[in-house]
Amino acid sequence: MSHIHLPDGVLPVWLWALGFVVVILIWMILVRLMKKEDLTKRLPLLGMMAAVMVLGASVEIVPIAYHVNLTVISGILLGPSLIFLATFVVNVILALFGHGGITVIGLNTLMFSIEGALGYFLFHLFWRLLRRLGPAVFLATFLALTVSTFSMIGVVSLGTSHYEELIHQESGKGIIGFEFGKEKESHHKEGVPEKEVNLRHFMAIILPLGFIGWVLEGMITALITRYIHRLRPDLLRLNEETR
Amino acid sequence: MIQLSYLDYIAVEGKGFLHRLSPKLKIVGMIFILFAIVTVRNLPGLFFLYLFLLCLYFMARVPMKIFPLTLYPLIFAFLFIFLSGFQLFFILLIFLKVLCGSTGVVLLLATTPYPSIFSVLGRVLPSSFVMALFLTYRSIFILLNVLEDTQHALYLRGGVQWRHPWRSLTNISNAFGHLIIKGIDASEKMYEAMLLRGFKGEIHYRRE
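Residue numbers (this note's numbering), protein chains in the order written: chain U, 54 to 296; chain R, 33 to 240.
Derived by calculation from the structure, the hints in this document are not laboratory data. Positions of the beta carbon are idealized from the N, C-alpha and C atoms, including for glycine. Each hint should be verified, as a subset may be incorrect.
Pair ranges (Cβ atoms, derived) [claimed, not checked]:
id : chain 1 : residue 1 : chain 2 : residue 2 : range
1  : R       : 59        : U       : 253       : 36 to 42 Å
2  : R       : 91        : U       : 207       : 38 to 44 Å
3  : R       : 193       : U       : 279       : 53 to 59 Å
4  : R       : 181       : U       : 214       : 48 to 54 Å
5  : U       : 207       : R       : 53        : 36 to 42 Å
6  : R       : 47        : U       : 91        : 42 to 48 Å
7  : U       : 253       : R       : 187       : 39 to 45 Å
8  : U       : 211       : R       : 57        : 31 to 37 Å
9  : R       : 57        : U       : 283       : 50 to 56 Å
10 : U       : 132       : R       : 228       : 23 to 29 Å
Chain U stretches covered by chain R per the calculated footprint, using a threshold of three residues with CB under 8 Å from any CB of chain R [what the hints assert, rightly or not]:
id : region
11 : 62-69
12 : 137-143
13 : 252-264
14 : 281-290
With a straight-line cut-off of 25 Å between C-alpha atoms, the simulated BS3-like cross-links for lysine-lysine are [stated by the list, open to error]:
id : chain 1 : residue 1 : chain 2 : residue 2
15 : R       : 232       : U       : 88
16 : R       : 221       : U       : 88
17 : U       : 89        : R       : 232
18 : R       : 221       : U       : 94
19 : R       : 47        : U       : 89
20 : U       : 94        : R       : 214
21 : R       : 221       : R       : 232
22 : U       : 94        : R       : 232
23 : R       : 47        : R       : 97
All chains should be modelled from the sequences, with the hints used to inform the complete structure.
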């Protein structure tokens with residue numbers, strides 16, 4: 054529950070279109086900044102880590118009915134720029150499986166990459182401070198997921214006026230309504246009780262579920278990193294920082 | 033997880049009329065469905081769209097086994113009930129929009145193999161992105177075998193048990209760690225194999 058796969062048709066057009074524009078811009082900048090040979094060489098690794106994230110999202114842990122994202126561990130292994138490219142690919146594939154909307158691929162990518170990139174930076178920060186792998190990974194994952202959940206709530210709250218429009222649509226006319234960036238109009242007729250969007254209820258459901266997810270994913274990521282550190286410590290590149 | 037490979041199998045082996053239709057046409061159709069989901073704001077309109085998609089689903093002879101995939105996004109849509117303060121109209125509107133979107137996507141995927149979709153996308157999207165999509169798709173099937181083997185080994189040896197939650201969590205995490213290490217090893221081999229076959233930064237698709 055560190056993120057939700059926002060469905061199609063829920064968010065206002067301007068919001069998801071902006072998500073696509075930002076993601077495409079970041080993709081173009083990253084591809085320009087990276088050397089072509091470097092990107093080509095690392096594409097199989099990017100594909101493999103993206104596949105790990107897709108499989109992580111499709112494997113339900115039976116006793117606790119939860120699926121992991123694995124974005125933080127992917128961020129630690131791929132680095133902040135490649136994790137962005139990987140999450141974009143992951144979201145396209147997940148959307149093609151009906152696991153999240155197609156129109157919101159951009160926004161979901163931003164939320165996933167916040168998780169991955171922040172996880173990478175926080176992990177290196179905590180590693181320098183604590184020098185203990187487990188707590189450093191757990192804290193980095195927990196905080197990265199907390200930030201991404203709040204960013205998701207922020208994205209949902211940006212569409213408040215749109216949800217109100219949809220709620221008041223009941224009394225409206227017409228089949229089609231394509232309103233690009235149109236401000237909230239006076240939908241409330243006199244004597245008709247006002248229907249409000251309730252973000253508090255939404256947060257009251259998301260945050261407790263999210264908290265369980267943050268702790269679980271934090272523990273799983275810490276255990277995965279410990280396993281990788283035992284078998285292939287070179288992948289974590291921790292010696293470079295120790296020197 | 034198993035549905036992933038099954039979906040790919042029926043997309044390649046299916047014999048319905050949608051399977052024979054050109055991938056380009058199906059992607060254009062999917063864009064129209066998305067446009068309708070975004071713009072239509074009344075219940076009868078969305079209901080008829082959903083009925084139309086259901087008819088297509090049965091006419092295309094897509095197996096019922098994957099029908100639950102179309103219902104999966106309702107779990108996330110359920111959260112929006114709390115946002116609206118339990119307004120019935122809003123709830124039905126969101127549910128129908130979600131169902132139309134997921135049914136459309138599952139129909140597209142169950143009748144069109146991934147490489148055909150990538151081939152169409154390759155004409156409009158940057159080659160690096162389409163290449164990343166293709167490599168991810170390949171990697172999913174490489175890792176799926178590793179994951180299934182690991183999962184079987186884990187269950188057969190009692191690695192996941194309610195009575196021992198910490199041990200179960202450790203075993204599941206180790207399985208993911210194993211998957212990641214195997215994946216990274218496989219990606220190195222995959223790159224070397226691609227170089228040996230003359231890979232120069234671009235993958236060429238058969239335009240079929």
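Quick rundown of the hints versus the structure:
1. 59/R / 253/U: 36 to 42 Å: At 40 Å between Cβs, range holds.
2. 91/R / 207/U: 38 to 44 Å: holds (42 Å)
3. 193/R / 279/U: 53 to 59 Å: violated (21 Å)
4. 181/R / 214/U: 48 to 54 Å: Given range 48 to 54 Å: holds, Cβ gap about 51 Å.
5. 207/U / 53/R: 36 to 42 Å: Because 41 Å falls inside the window, the suggested range holds.
6. 47/R / 91/U: 42 to 48 Å: For residue 91/U against residue 47/R, whose Cβ atoms are near 45 Å apart, the range 42 to 48 Å holds.
7. 253/U / 187/R: 39 to 45 Å: Taking Cβ atoms as reference, residue 253/U and residue 187/R lie about 42 Å apart, which means the hint holds.
8. 211/U / 57/R: 31 to 37 Å: holds (35 Å)
9. 57/R / 283/U: 50 to 56 Å: holds (52 Å)
10. 132/U / 228/R: 23 to 29 Å: Taking Cβ atoms as reference, residue 132/U and residue 228/R lie about 27 Å apart, which means the hint holds.
11. 62-69: As far as the region 62-69 of chain U goes, the hint holds, because 3 residues have Cβ atoms under 8 Å from chain R.
12. 137-143: holds (count 5)
13. 252-264: holds (count 6)
14. 281-290: Held - the region 281-290 of chain U has 4 residues with a Cβ nearer than 8 Å to chain R, which meets the minimum of three.
15. 232/R / 88/U: Between residue 232/R and residue 88/U the Cα gap is close to 14 Å, so the pair holds against 25 Å.
16. 221/R / 88/U: Cα-Cα ~22 Å, so holds.
17. 89/U / 232/R: holds (11 Å)
18. 221/R / 94/U: Distance ~12 Å between residue 221/R and residue 94/U Cα, so the pair holds.
19. 47/R / 89/U: violated (42 Å)
20. 94/U / 214/R: holds (18 Å)
21. 221/R / 232/R: holds (16 Å)
22. 94/U / 232/R: holds (10 Å)
23. 47/R / 97/R: Satisfied, since the Cα-Cα distance of roughly 16 Å is no more than 25 Å.
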